[in-house]
Amino acid sequence: MSPEQIAEILKARFGDAVIAADMGAHPQVIVAAGHWPEVARFLRDEPALGFNMLRSITAVDRPAEHVLEALYDLLAMTPPEGAPDGYWTARHAFAVRIRVDRGDPHIPSVAHVWPAADWHEREAYDLLGIVFDGHPDSVEDHDGLHPRRILCPDDWAGHPLRKDYVFPIEYHGIPGTTEYETPNPVH
Amino acid sequence: MARDVLLESVPDLRADLDRESMAAADVRTEEMLVNMGPQHPSTHGVLRLVLRTDGELVLDAVPHIGYLHRCAEKIGENLAPYQFIPKTDRLDYLAAMNNNHVFSLAVERLAGVEVPERARYIRIIMAELNRIASHLVSFGTYGLDMGAFTPFLYAFREREMILDLFEAACGARLTYSYITIGGVTHDLPDGFVERCREFLDYFEPKIDEYNRLLSYNQIFIKRTGCVGVIRPDEAIAWGLTGVCLRASGVRWDLRRCLPYEIYDRFEFEVPVGLPPGGVPPVPAGVPAPKVPAGTCVGDCWNRYFLRMIEMYWSVAIVRQALDGLPAGDYRSKVPRNLKLPEGEVYFEGENPRGQLGFLIVGDGSPIPYRVKARGPSFCNLSIARRICRNCLLADIPAIIGSIDVVMGEVDR
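Protein sequences appear in the order of chains A and B. Under the working numbering, the letters of the first sequence match residues 1 to 187, in that order. Under the working numbering, the letters of the second sequence match residues 1 to 412, in that order.
So here's chain B without its partners, still in its complex pose (with noise of 0.2 Å):
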């Protein structure tokens, strides 16, 4: 049954096969259960997931997760907000200082702090630059699950760059801690905002060099296209966010739709998933992608290529960040014991791996009675049981890299 749906959905498969002569001779094959990670080089970091197989055919993959919990969030009851940042660091560990950025918002909302407009500037800046340091170990890291090692040296080095950018900021390279309730911590280094432009003059082109590397790579194309479709509706019922939700062609972002911050000072456009021929949105000045044969909307691919195209419009909001940077204060004064009213707030900001929500119920004192992180990760990999059924063994590190989870932020 299995091996009939999955000969109707992959055409060049059945092609070889000579399904009448198959049967004729009675190929009998037993189910085995195969046991994928959590120690797996593809399944980023320690996800379990077991898997059902007959052959080559995966009938069923039941993700197991909790290898990385910590139990983030009874800390976070047991702390001051501003104690808790350095936690949020290790959430997506890959993208800290948006994590920071949405925490400091959801506090910030609660307690009605005020952020001082420079504040605000820096802020985008950084999680923009973070949404490309993410997106790079993306397509570094999906290129090493899909066998081609090159790009992931080519995504490192420029993420090295990055990393320098806020070493040069805050001092630290993985977790920042720089974003914090009422700013960021520190104001911006003499040299600064020069450097920075030199890296978006340097990377821009960048992102054209990885798409003739790897993305228009037919034998990239081949192990993800049409692999792991997700249907818009389906991606919406699952509570699937950013990318993910995105490459199913559905123009959702919140930067754009629910803006925060002050997204709604900056132009951008949000790139969907796009069925062959079709040409997303880049800046002017860019060489335009265009989505080649053999993909389709919802697959592994456009998730993959998604980011690709986020990283050119990143590079834009920075830029016009920097270009509007005020001066004045990095850091609004706020009493290191902030009282959080009675009351609760729901906060949801764009990450790179999609929406991360923070819900923080205060009791009068400065220690949140209850704090719920809403990881993307976590949601997105809710559907990965979905649509690992019914496709072959190899395709499984290509579904999972392409739904990009960060362990740290499933877990909690």
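The following block holds chain A by itself, in its conformation from the complex (with noise of 0.2 Å):
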């Protein structure tokens, strides 16, 4: 199916839900933070869709824009026909743009559509601050109910992916590196 038809279905089934379409290099659709759960469950259950797989998500910060985006690159796999020991092939490969306020920024989870998302969720919660609502593994401290950090230790200041990310000039008695005085470049 290509792009153009994916986008039709999902604008038919949700109207307003589907903001926008961009069929360039990447084919993806922007849905609105609200109904991505929603649109989740019919990507996957759909029998002209069946997204099984949740490749990736990316969360990237647009300060200029005051947007944090996250970006869930899909696959669907279809197991062969009639030989059973055939290969499996890719149907179609899409993605969904979720943008939301840089200043408050939550997205529902999707870990119980594609148990994948647990981990991808808790990255970009890490890395780029996006609280995912309802994750399965969410603690509860002064920045809120969030899911867990992953790679950053659980008591990191900050998201350092972000564009105005200022890396500490110590953590626990270990220096920071002070000799930069610009903390990032900027685009």
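By construction, these hints were calculated from the structure, which means they are not laboratory data. Predicted model only: the values in this text are computed from it and were never measured. Just so you know, even glycine gets a beta-carbon here, dropped at the ideal spot from N, CA and C. One should not assume that every hint holds.
As the list claims (entries may be wrong) - In silico DSSO-like links for lysine-lysine, alpha-carbon gap of 27 Å or less:
#	chain 1	residue 1	chain 2	residue 2
1	B	Lys290	B	Lys74
2	B	Lys333	B	Lys222
3	B	Lys290	A	Lys163
4	A	Lys163	B	Lys74
Stated by the list, open to error - Sample of chain B residues facing chain A (criterion: CB under 8 Å; computed from the structure):
#	residue
5	Thr141
6	Gly239
7	Arg251
8	Trp252
9	Arg255
10	Cys257
11	Tyr260
12	Leu359
Dock the two chains into a complex; use the hints.
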């Protein structure tokens, strides 16, 4: 199925929840954060779509637009017909982009749709600070209820992949790098 | 409860225990938290597992990762792509060529760079040789995990020869940075093709030797057969790729299912996990392997064994690539400050451990706006908690070893 058809199906089913479609080199639709779990379940369960594999979640920080993005790369794999030992085929690949306000980034978790999302969402929280509501491995601390950190230590402050992140001067008595004055290059 | 589940799943154990007399004696046990790692020989790097145990039973195993975190993605958005290539070496450091390859392909797709024909063949040769080297480490260390020391020495003896070939080509033995944007950094040295053929002829019969040494060893089968079984639907849902997915019976390999580079020009098969008695496909002229009794599809033994069979096919691919190697340029002219157009690309390639993906966002400048690496080990490891439940303590090294994680890639 072509990306245009997938976008059409989603628009027909969810209407305004599908905000925009981009059919460039990386075909995708932008979905409203609130509708994401139902769209996700539809993407997986609708026989015509059948996106059974979540390949990756990429979070992108766009301070100029005051937006944080999560980009979900999906793949539909189909078992071989007839011959049980044949090759599986790739039916189609598609991506979904969720854009949320950078000041209060909340996206509903889809770990119950694709278990693979569990660690990817923890990583996106850890490195970019997107809070995935309803994540199965959440903890509550002074930052509120959020997925448990995965790569950084649990008591790490801040989210390193944010464009305005400043490396800490010290962490538990371990000195950080202070010789570089510029925090991050500006794009 | 958990004990009942285990006794159901391990019939041998059940036969040894008289459950009624155990219940009559009222054997009480206490739960204990065991911290395994981050410095543990059988966790393959700095992986920490917190195990909740009841005697020998593991009720829950929670992986804690991040001990090797260097935030490679942050470095990626501060460097031009050709400067980031050495960082990709350090993701999956046992398969640096494959990492270079996938990252280069992603950048080439985004920026529209053409690669000369000769470079494409050299890339395939290097990627497949590295796949063999990586599977050899996996084979050797898995033997170590299971208490067999000899296979490790055999594996490293042969791996050394591949490293010598790499050293001849690019000067490095672990972090190559050889495959780069637009081709490879140097042409193949004189005599490389002959040396490579010599190695392949020497190496191919060795795989059967390994099988006789370890794969069909009864103790080894007892330790790994029907342990850590992953169902195919589970494997897909958890985003498993590579050997971990194929061992569950899903015949899926990007080299065949979504061919990239020039993989569609070569003849090769992709083996999958088979029930006892199954015969995986191997090239003509090598002894036919057979799946022994005591194993099942999706278990640790099948994951281990697929790597052995894949080495046969990597040898076959390298042979074909050497035969077809054309003359010509080894690298196209790529400007140092190659501008990345606005837009993004997501590209996945088949690494020894599964599908390595890069998402690169360009903003018109030579430095990418965002580089995301989707490491196969990261996704494969995420199922560990699911399959390490209700198994024996001694099964944990067998399961973690069979997933074959490289922490450099998990933590990035």
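The hints, checked one at a time:
{"no.": "1", "hint": "B/Lys290 <-> B/Lys74", "in the structure": "violated, 47 Å"}
{"no.": "2", "hint": "B/Lys333 <-> B/Lys222", "in the structure": "violated, 55 Å"}
{"no.": "3", "hint": "B/Lys290 <-> A/Lys163", "in the structure": "violated, 54 Å"}
{"no.": "4", "hint": "A/Lys163 <-> B/Lys74", "in the structure": "holds, 9 Å"}
{"no.": "5", "hint": "Thr141", "in the structure": "violated, 24 Å"}
{"no.": "6", "hint": "Gly239", "in the structure": "holds, 3 Å"}
{"no.": "7", "hint": "Arg251", "in the structure": "holds, 5 Å"}
{"no.": "8", "hint": "Trp252", "in the structure": "holds, 4 Å"}
{"no.": "9", "hint": "Arg255", "in the structure": "violated, 11 Å"}
{"no.": "10", "hint": "Cys257", "in the structure": "holds, 5 Å"}
{"no.": "11", "hint": "Tyr260", "in the structure": "violated, 12 Å"}
{"no.": "12", "hint": "Leu359", "in the structure": "holds, 5 Å"}
In this structure, the earlier hints numbered 1, 2, 3, 5, 9 and 11 are contradicted, and the remaining ones agree with it.
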